[in-house]
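Keeping the supplied structure of chain A fixed, place chain B with the ligands upon it in accordance with the hints.
Residue numbers (my numbering), protein chains in the order written: chain A, 1 to 253; chain B, 1 to 281.
One thing to keep in mind: the hints can contain errors.
Counterexamples of contact, computed for chain B against chain A with all Cβ distances above 12 Å [claimed, not checked]: (1) Ala-13; (2) Gly-129; (3) Glu-252.
Interface residues of chain B toward chain A, partial, derived using beta-carbon atoms under 7 Å [stated by the list, open to error]: (4) Ala-77; (5) Thr-78; (6) Ala-241; (7) Glu-242; (8) Leu-244.
Covered stretches of chain A, going by a simulated chain B footprint (3 or more residues, C-beta under 8 Å) [said to hold, decoys possible]: (9) 58-68; (10) 139-149.
By construction, these hints were calculated from the structure, which means they are not laboratory data. C-beta: ideal position from N, C-alpha, C; glycine also.
If you want the building blocks of each chain, they are given just below.
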Amino acid sequence: MIFRKVGVPFAAMILFLIAWEVLVWANGWPNYRMASPSDLIPAYERYWPLFLEMGWQTLWRTVVGLLLAVIVGTGIGLVMGISRTLRDGLYPLLVGFNAIPKATVVPIVALMFVGAHDFNTVLIAFMISFFPIAVSVSIGLSTLEPEYRDILRALGASQATIFWKIALPKTLPEFFGALKVAVTLAFIGTNLMEIVSPHGRGLGALFDSGKTNSDYPLMFAVLLALAALGILLYYVVVALEKTFAGWAERPSG
Amino acid sequence: MTHLIDIAGVRHAYTTAEGPLPVLDGLEMQVPKGGFTAVVGPSGCGKSTLTRLVAGLMRPDEGTVQLHGEKVTGPRATVGMAFQNPVLLEWRTILKNVMLPLEIVSSKMSRAAQEDRARHLLKLVGLEGFEDKRPSELSGGMRQRASLCRSLVHKPEVLILDEPFGALDAFTREDLWQTLLDLKSQEPFTGVLITHDLRESIFLADQVIVMSARPARTQYVMDIPRSGPRTLDDLYTPEAAERLNILRHQIEVAQGRAPAEPAEPRIDPEPTERAVPETLP
Ligand SMILES: Nc1ncnc2c1ncn2[C@@H]1O[C@H](COP(=O)(O)OP(=O)(O)OP(=O)(O)O)[C@@H](O)[C@H]1O
Ligand SMILES: [Mg+2]
Numbered sequence: 001m002i003f004r005k006v007g008v009p010f011a012a013m014i015l016f017l018i019a020w021e022v023l024v025w026a027n028g029w030p031n032y033r034m035a036s037p038s039d040l041i042p043a044y045e046r047y048w049p050l051f052l053e054m055g056w057q058t059l060w061r062t063v064v065g066l067l068l069a070v071i072v073g074t075g076i077g078l079v080m081g082i083s084r085t086l087r088d089g090l091y092p093l094l095v096g097f098n099a100i101p102k103a104t105v106v107p108i109v110a111l112m113f114v115g116a117h118d119f120n121t122v123l124i125a126f127m128i129s130f131f132p133i134a135v136s137v138s139i140g141l142s143t144l145e146p147e148y149r150d151i152l153r154a155l156g157a158s159q160a161t162i163f164w165k166i167a168l169p170k171t172l173p174e175f176f177g178a179l180k181v182a183v184t185l186a187f188i189g190t191n192l193m194e195i196v197s198p199h200g201r202g203l204g205a206l207f208d209s210g211k212t213n214s215d216y217p218l219m220f221a222v223l224l225a226l227a228a229l230g231i232l233l234y235y236v237v238v239a240l241e242k243t244f245a246g247w248a249e250r251p252s253g
Numbered sequence: 001m002t003h004l005i006d007i008a009g010v011r012h013a014y015t016t017a018e019g020p021l022p023v024l025d026g027l028e029m030q031v032p033k034g035g036f037t038a039v040v041g042p043s044g045c046g047k048s049t050l051t052r053l054v055a056g057l058m059r060p061d062e063g064t065v066q067l068h069g070e071k072v073t074g075p076r077a078t079v080g081m082a083f084q085n086p087v088l089l090e091w092r093t094i095l096k097n098v099m100l101p102l103e104i105v106s107s108k109m110s111r112a113a114q115e116d117r118a119r120h121l122l123k124l125v126g127l128e129g130f131e132d133k134r135p136s137e138l139s140g141g142m143r144q145r146a147s148l149c150r151s152l153v154h155k156p157e158v159l160i161l162d163e164p165f166g167a168l169d170a171f172t173r174e175d176l177w178q179t180l181l182d183l184k185s186q187e188p189f190t191g192v193l194i195t196h197d198l199r200e201s202i203f204l205a206d207q208v209i210v211m212s213a214r215p216a217r218t219q220y221v222m223d224i225p226r227s228g229p230r231t232l233d234d235l236y237t238p239e240a241a242e243r244l245n246i247l248r249h250q251i252e253v254a255q256g257r258a259p260a261e262p263a264e265p266r267i268d269p270e271p272t273e274r275a276v277p278e279t280l281p
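Chain B with its partners taken away, still in its complex shape:
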């Protein structure tokens, strides 16, 4: 089957004053429609670069990035993005901020309809009543909620989240995980989540990809079967502990702080074939 997002053999280098800086080298990633993939890896390994490739903001030097089996050659309106910095426009109200993408990709939609759509999303994330506030009047978590609404308002097929909760405190972050899952059940999208938080990755995603240090390749892929509703308690099961252990070890390998050998067969030599830890049910 073709995946919604298919990244194969991607290599990319930035041109810098000191010469080319290879960032990605042999990146593989497949996300099925409706899937939710988390990407973890050492700092500076090229995770944001990966999001820019998927969003069509850049093209890779080598390899292909495909959406729907179609090569990505430039930005497309079917992608939504949110970052660690909520980048809300200070001169707009929250409602107008959320409506921004619609002004660009759905300019034919009536203003009233745009407004309804934005209000609907704001209500979903619990920001009802804050529509007419300015971003500076909201807390960090609320701003990030508004930013999520903006990234989804034009019903993108693909949602790219680059450490969206990285700057939030632990409690707010856990609240927002739930918000994101609620959003996903109401507004189906295919997600790519960049994160530094392993608990976040296994709580939210159905696939976790570990990238190696720069120049990054796909070092490890973990599939997490999903069924039924999730609660934070799921993070405190032996199964979750096992997954976290594996991922933590993989990160250490990526950082060069641990030899690759003890993780035995779970390291995937052929990244297209997943190594699912057999200790798990």
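Looking at chain A on its own, in the form it has when it is part of the complex:
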């Protein structure tokens, strides 16, 4: 069990790194074309304190953006799930908003709130990640089979009771599914802002400085660190899902 849960993913990662190393070595690529994992070790050694500091910056801003996305996304999803009229009204707005490439929003936000670097980053992380949450919550609520409502409604239960006892728990699996998507999106948002905005902080800024200094291994090292953070946060969501929506998991053979 432990082997399958931990051993297999680790083995897959190590195989991936070996394949990467071999690919670069076999093709004889110089590290400005493609750095290999062995090139990255010195980069990490040299910039270790920077990685910790910037990684933390990126992580907390992503998490705050994500929390905002959960709160606002759930709120919007609730409203759309409960009222048909509001759903019809809000959907085109939401889709339109989501269709705007966030790379174009980044400079606008950076100009709107000049200097408020943390705020801007959190804002972009939020903007890019609330959409799937809103949609999943609204779909979860609006597709609730009428019988589920009726068993409580027939007893005279209030709308609030029906929501807490049935609608909310029933929506949790969809919610966590969306949250897993939102996690990666939020990282993209944070890094967009960190890379684009001047005097940035976070791993995005570290990537940018690697670029300006032509320190290619550093750039690759940042990408790997981002992937590691993404995996970390993803598994936090998985753990939350197990705790709160573990019932939705069917025992598999």
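Below, chain B with the ligands alone, put in the same frame as chain A:
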């Protein structure tokens, strides 16, 4: 005498995109206290609509639905419902599922008492030992048993069953008929059973109502005198065969597949007066 459930002159139409859809038109139904009425009729004729009216989930456009001689204006805690889909909550154990209505209508009851009540019912239907399982770990028949327990846990006066056994195989279904009769002897209730199975209707009910096609009226009422314990063998007597024949014919009439005439005096022009087939003892 006043009946526990009294439906008179009910008309109802749904509002749809294509305009009003008349579903019920002249529905009559009386169920005495402790009675058990089965309702049969063509698919889509408005049987579930009837249950929603009795449960107070909807109000009719015209006519009255009364419980205890009192007009039904909204949901009331004295009603229990179960459907073809057992709608158990996957995140709750079987025991907690059964306790759900108590959390709503008897919130003052202590948790221990709620639990005792739920365990008692689960034992009655043969689900002892499954209290802590999740619904997904149970078979369809067991889930439907749990659903029956949930619909009865708050001791409702009226139990509404909307094709509760429709999705089960024949053997499980017959098992559950017996379970339902056992429950009824232990936990007195007045029942309304919607079904597509004529054998089920004559086995369980003391009154069978045939609804016409949409917009549905009460087309035919059959009374079935009950005495003594029932067994499945009762379904294979000449009397039962006769009843099934009559009902099958009535359904064909409702579906428009047979003329109304050969069923002669058994078709009831005045639904309040029952036409009891005189060929039966
Ligand atoms: N909420 C609703 N809005 C509009 N039309 C509805 C609604 N509910 C039911 N209907 C329609 O009303 C008619 C009667 O529905 P109902 O569910 O009462 O039939 P039924 O006799 O229970 O059918 P079945 O035997 O298939 O269970 C159907 O044609 C159905 O499409
Ligand atoms: Mg129905």
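Here is what the structure says about each hint:
Non-interface call for Ala-13/B relative to chain A: holds, since the shortest CB-CB distance, roughly 19 Å, exceeds 12 Å. With 12 Å as the threshold on Cβ separation, the claim that Gly-129/B sits away from chain A holds: the shortest Cβ distance comes to roughly 19 Å. Remark: the non-interface label on Glu-252/B is consistent with the geometry, its nearest Cβ contact in chain A lying 30 Å away (cut-off 12 Å). Because the beta carbon of Ala-77/B sits about 5 Å from the nearest beta carbon in chain A, less than 7 Å, this interface hint is met.
Because the beta carbon of Thr-78/B sits about 9 Å from the nearest beta carbon in chain A, more than 7 Å, this interface hint is broken. Because the beta carbon of Ala-241/B sits about 35 Å from the nearest beta carbon in chain A, more than 7 Å, this interface hint is broken. Because the closest C-beta pair between Glu-242/B and chain A is about 36 Å apart, greater than 7 Å, the hint is violated. Hint status for Leu-244/B: violated, given a least beta-carbon distance of 30 Å to chain A, over 7 Å.
Coverage of the region 58-68 of chain A by chain B is violated in this model, with 0 residues showing a Cβ closer than 8 Å to a Cβ of that chain against a need of three. For the region 139-149 of chain A, the stated coverage by chain B holds: 3 residues have a C-beta nearer than 8 Å to a C-beta of that chain, and at least 3 were required.
Of the numbered hints listed earlier, those contradicted by the structure are 5, 6, 7, 8 and 9.
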